[in-house]
Structures are given as structure tokens and as C-alpha cells.
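With the hints as constraints, model all of the structure from the sequences given.
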Amino acid sequence: MALSVQTNVSAMLALQNLNKTNTDLQTTQNRINTGLKIGGAKDNSSVFAVAQSMRADIGALGSVKTSLDRAVSIGDVAIAAGEAISDLLIEMREKATAAMDASIDSFARAAYDSDFKALINQIQVILQNADFDGANMLNGSISGGIAFLADADAARSVTLSTQDMSFSGTIITLSGTASLGTVSLAASAVSFVNASLDNVNAALARLGSDLKKMEAHRTFIGKLSDSLSAGVGNLVDADLARESAQLTALQVKQQLGVQALSIANAEPQIILSLFGR
1 MALSVQTNVS AMLALQNLNK TNTDLQTTQN RINTGLKIGG AKDNSSVFAV
51 AQSMRADIGA LGSVKTSLDR AVSIGDVAIA AGEAISDLLI EMREKATAAM
101 DASIDSFARA AYDSDFKALI NQIQVILQNA DFDGANMLNG SISGGIAFLA
151 DADAARSVTL STQDMSFSGT IITLSGTASL GTVSLAASAV SFVNASLDNV
201 NAALARLGSD LKKMEAHRTF IGKLSDSLSA GVGNLVDADL ARESAQLTAL
251 QVKQQLGVQA LSIANAEPQI ILSLFGR
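Heads up: the sequence shown begins at 1 in UniProt numbering, then just goes up one per residue.
One thing to keep in mind: the hints can contain errors.
Dumping the calculated DSS-like pairs for lysine-lysine here, alpha-carbon to alpha-carbon at most 27 Å [said to hold, decoys possible]:
no.: 1; residue 1: Lys253; residue 2: Lys37
no.: 2; residue 1: Lys42; residue 2: Lys20
no.: 3; residue 1: Lys212; residue 2: Lys223
no.: 4; residue 1: Lys213; residue 2: Lys65
no.: 5; residue 1: Lys20; residue 2: Lys37
Simulated from the structure, these hints should not be mistaken for lab results.
Written out as C-alpha cells, the structure reads:
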């Protein structure tokens, strides 16, 4: 290779290599700083597009999980209220059965009747307060049920069915004005309470089945979201152990490149020796 003060080919090659090393070093430093090997579209456009789509799905699944969390909370409140109503119906049956005794005096019958009506009022209070986030599954304010999100596209839903436990309804057939004032009224009340108790327990079974379905689907959504998050990580996360080793290698390479450039820049000095300088 000819010696020239106009064109220093060695210096140009050394500078090109040093610039390449500096670029690689910057890339490695960015990966270490961000923890990502694909931080933007220019790093790898196709992988970045796939990762962004998966991130969108993860965000949507977060909304699905929130919807299912609300469903489970509504169902839990409804079941707690239904179980309390079932317990109160058992007490009402006890009071009504006792009032069927023709031998009791009017004072005792009035006491049983008062307790019985107090239990009816307590059930009514429970029905009106079995509410979570504006949804009450027991007082008849909602018809049919509530549909909750089931997938990221909001194309499918899961339904929590209502169980109307209002008095004089299909579940609690007992009237809200029922009385134990006479033996015949007490006998009628026992019949209605027995039927209502069976119906309430059946309604609780249906609520429990729906709630179990909600909880199972919520668990699945959580696992699906975790799997997608792991998939995004596999696509874009940097291997920091590897990047650390790469950083050390590139720093050494950079130092060698600086030295090589320094040597190449000194080559024109050789020309001076040719002229006795």
C-alpha cells in the first residue's frame, strides 16, 4: 500500500471499525438500561409489531379480569345474603311450628307472631342491602342476570343469574304480611316457609354454581394474561447476563480501536523519515 499524506487508508479503516464498535456499544448499553433487546420498531419491526399486539391483548384481559372480579364480588354478596335469609327462614319455621300449638295462650301466640314478623322485616332489610356496586341479585331489581366480559375481544360473556327472593315471589312464596295470629294462619305459614326454604336453598345452589364458573374463568384469564406476558418477555426482553459479557468485550474492543486509529494516524510520520527529517 502506497504511503500518502493525502489519503490514509489505514486510518479510514480504523475509524470505520471504531464507529461500528461504538454503535454496537451504544446498542448494548441501551439494552442494559431498558432491559429490552427490542425497544422500538427500528430494532426489529416485525417482532415489535407482534409484541405490541400481545400487549394490547394483555391490557384487554386486564379489563376482563376487572369485570370478573366485580362479578365474583356481586356473587359473594348475594350468597352471603341468601345464606342469612335461609337461616332466618329456619327460625321462622320454628316460630310458625310453635304457633300451631292450639294449647298456647294469646300472650304466647302474640309473642310468636311478633318474632315472626320481625324476622320477615329482617329478611326485607337483607334483600335491600344485598348490593355491591349498584347490583342486587336478590331483590328483583335486575331481570334475568348480568353479563360480564369473558374474552379480550368482548365477543363473549359469562352471566351471573339473578335469584329474586322477594316475598310472594317464585322463590320466597311466603307473603310479607304473613301472620301467626291463629292456628290455621300458623299452619299456612309453616307450609309457605317450608317451600320457601327449599326454594332459597336451591337458588343458593344456582348462585354457587354461577359463582364457581366465574371464579374458574377468572383464574383462566389470569393464567392467560401471565402466559402472554411471558411471551412478550421472550420476544423483547434482553438477556442481561449475555449483554453484560458483550459490554465488557465491546469496551475492550473500543479501547483497541482507539489505539489502532492512533497508530494509523501516525503512519504519515514515516514519510518524514524518507526525506531525512
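Structure-based check of each hint:
| no. | hint | verdict |
| --- | --- | --- |
| 1 | Lys253 x Lys37 | 21 Å, holds |
| 2 | Lys42 x Lys20 | 17 Å, holds |
| 3 | Lys212 x Lys223 | 17 Å, holds |
| 4 | Lys213 x Lys65 | 14 Å, holds |
| 5 | Lys20 x Lys37 | 18 Å, holds |
Of the hints listed earlier, there is not a single one the structure fails to meet.
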